[in-house]
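Going letter by letter, the sequence shown gives residues 18 to 451 in the working numbering.
Source of the hints: derived by calculation from the structure; they are not laboratory data.
Virtual Cβ for every residue (Gly too), placed ideally from N, Cα, C.
Worth double-checking, as some hints may not be accurate.
What the hints assert, rightly or not - Dumping the calculated DSSO-like pairs for lysine-lysine here, alpha-carbon to alpha-carbon at most 30 Å:
id	residue 1	residue 2
1	Lys205	Lys256
2	Lys313	Lys246
3	Lys364	Lys204
Unchecked claim - Here are the computed distance ranges between Cβ atoms for each label pair:
id	residue 1	residue 2	range
4	Gly243	Gly399	19 to 29 Å
5	Asp267	Thr244	42 to 52 Å
6	Ala416	Lys246	33 to 43 Å
7	Lys274	Ala78	41 to 51 Å
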Amino acid sequence: MKLSARIAAPVTALVLAGLTATACAPATSGGSATQDEKSGTLRVWLFQEVNNKPKEQVVDAAVAAFEKRHKGAKAEVEYIPVDTRAQRVKAAFNDPKSAPDLIEYGNTDTAGYVKDGGLADVSADFGSWADARDTDPTARASVTVDGKVYGAPLFVGVRALYYRTDVLKEVGLTAPKSQAELIDTAKKIRKAKPELYGLAVGGTYTYGAMPFIWAHGGELATGSGGTYKAAVNSEAARKGVSAYTSLFGDDNCPAAKCASMGGNATVTAFAQGKAAMAIGGDFSHAAVEAGVVKGKYAVVPLPGVAAGSIAPAFAGGNNLGVLKSTGHRTLAVDLMKSLAGKETQAKLFDAMGFLPTYTDVRAEVATKEPFVKPFVDSLGAGAKFVPASPAWGQIDASAVLPTMLQEIVSGRKDVAAATDDAARKMDAAFAAAG
Numbered sequence: 018m019k020l021s022a023r024i025a026a027p028v029t030a031l032v033l034a035g036l037t038a039t040a041c042a043p044a045t046s047g048g049s050a051t052q053d054e055k056s057g058t059l060r061v062w063l064f065q066e067v068n069n070k071p072k073e074q075v076v077d078a079a080v081a082a083f084e085k086r087h088k089g090a091k092a093e094v095e096y097i098p099v100d101t102r103a104q105r106v107k108a109a110f111n112d113p114k115s116a117p118d119l120i121e122y123g124n125t126d127t128a129g130y131v132k133d134g135g136l137a138d139v140s141a142d143f144g145s146w147a148d149a150r151d152t153d154p155t156a157r158a159s160v161t162v163d164g165k166v167y168g169a170p171l172f173v174g175v176r177a178l179y180y181r182t183d184v185l186k187e188v189g190l191t192a193p194k195s196q197a198e199l200i201d202t203a204k205k206i207r208k209a210k211p212e213l214y215g216l217a218v219g220g221t222y223t224y225g226a227m228p229f230i231w232a233h234g235g236e237l238a239t240g241s242g243g244t245y246k247a248a249v250n251s252e253a254a255r256k257g258v259s260a261y262t263s264l265f266g267d268d269n270c271p272a273a274k275c276a277s278m279g280g281n282a283t284v285t286a287f288a289q290g291k292a293a294m295a296i297g298g299d300f301s302h303a304a305v306e307a308g309v310v311k312g313k314y315a316v317v318p319l320p321g322v323a324a325g326s327i328a329p330a331f332a333g334g335n336n337l338g339v340l341k342s343t344g345h346r347t348l349a350v351d352l353m354k355s356l357a358g359k360e361t362q363a364k365l366f367d368a369m370g371f372l373p374t375y376t377d378v379r380a381e382v383a384t385k386e387p388f389v390k391p392f393v394d395s396l397g398a399g400a401k402f403v404p405a406s407p408a409w410g411q412i413d414a415s416a417v418l419p420t421m422l423q424e425i426v427s428g429r430k431d432v433a434a435a436t437d438d439a440a441r442k443m444d445a446a447f448a449a450a451g
């Protein structure tokens with residue numbers, strides 16, 4: 018398998034599909050460029066990966082093709098650290114003269130960056146782009162705000178259920194086919210093998226909890242006319258929250274240890290042989306392969322409420338966007354297409370394991386690499402996204418949902434009180450965002 022970049026630093030690499038979740042949308046003075054130079058140097062900011070060399074090689078090839086098409090144009094690519102991206106982007110939005118022309122950004126940041134006037138509207142360019150016709154609907158939604166497109170999806174990340182084939186066989190169980198069966202299976206494993214978590218869960222693992230809410234028919238928020246209202250305290254959402262938080266306890270994953278765990282920690286527990294099951298991403302595959310469970314696990318879509326159904330998964334990932342302040346708009350849009358096009362996305366999968374955002378390219382890579390199938394099936398069943406509101410960055414940075422989960426699993430509040438509190442905080446953020 019061509020996943021050396023993931024294998025090189027397996028645990029750290031787990032963050033990739035959710036790497037934008039805590040970014041706050043920066044304030045900006047904004048401003049659009051009046052010129053559109055057809056030559057000169059474009060500045061590009063992409064995220065620095067754990068093992069960046071394979072990504073650089075793919076990007077270099079796309080840049081070389083771009084420069085061949087545009088005589089007199091050059092592209093300078095800088096790889097910026099993920100953990101300082103918020104400060105860098107804020108500075109770029111506030112100082113157009115030193116800003117790049119094209120940036121990679123996390124898909125949960127779209128609405129915030131649009132509100133702050135940092136990203137250019139590329140709706141017409143996206144609409145006339147042949148490759149874009151095969152972009153999956155969820156990926157398209159991640160670059161869309163109020164019906165306008167502000168970038169191109171670069172890759173998508175989705176989660177599914179990893180499980181130990183040897184452990185389930187030993188205790189006489191099979192892969193669960195519903196959420197009730199998942200919870201029951203987890204507790205049966207814990208009872209038979211108390212040294213293991215049945216299903217590793219985390220009190221700060223928002224993306225692990227979301228599928229339970231969605232599978233029960235709940236929503237994080239409902240939107241109309243660009244405004245949102247929290248729905249995490251609806252009856253359906255509460256059923257999902259109750260299902261997820263029921264997994265915290267001595268009969269599965271003790272709250273004293275698991276309440277503070279995030280997604281990385283849960284997958285690490287699985288990879289290290291401390292859990293029989295975990296909810297992990299396609300981007301977690303190399304880390305698991307590098308762990309002690311190699312050769313002793315399988316992956317299936319996370320089951321939904323009805324037997325045989327698939328729970329909606331959060332569609333994470335990254336996008337590319339042209340800055341509104343660019344003085345090379347035409348060139349920047351073309352380079353965006355080169356870097357986010359079908360050919361480059363297929364190469365990025367081979368180099369980094371990033372799942373393509375195009376349905377046809379994703380089907381091709383699933384044929385080449387069988388491990389991708391459960392994740393592709395999860396996307397095909399209908400993945401979901403966070404509210405397309407600039408408030409989401411604040412909601413996420415304030416840990417509204419993790420606080421809600423931790424209050425429940427610690428016993429400080431019941432589900433009704435905790436979800437009501439979370440809803441009030443969310444509504445305040447939505448109102449402040451306008």
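How the hints compare with the structure:
no., hint, in the structure
1, Lys205 x Lys256, "holds (22 Å)"
2, Lys313 x Lys246, "violated (44 Å)"
3, Lys364 x Lys204, "violated (41 Å)"
4, Gly243 x Gly399: 19 to 29 Å, "holds (23 Å)"
5, Asp267 x Thr244: 42 to 52 Å, "holds (43 Å)"
6, Ala416 x Lys246: 33 to 43 Å, "violated (20 Å)"
7, Lys274 x Ala78: 41 to 51 Å, "holds (45 Å)"
In terms of the numbered hints stated before, the structure departs from hints 2, 3 and 6, listed from lowest to highest.
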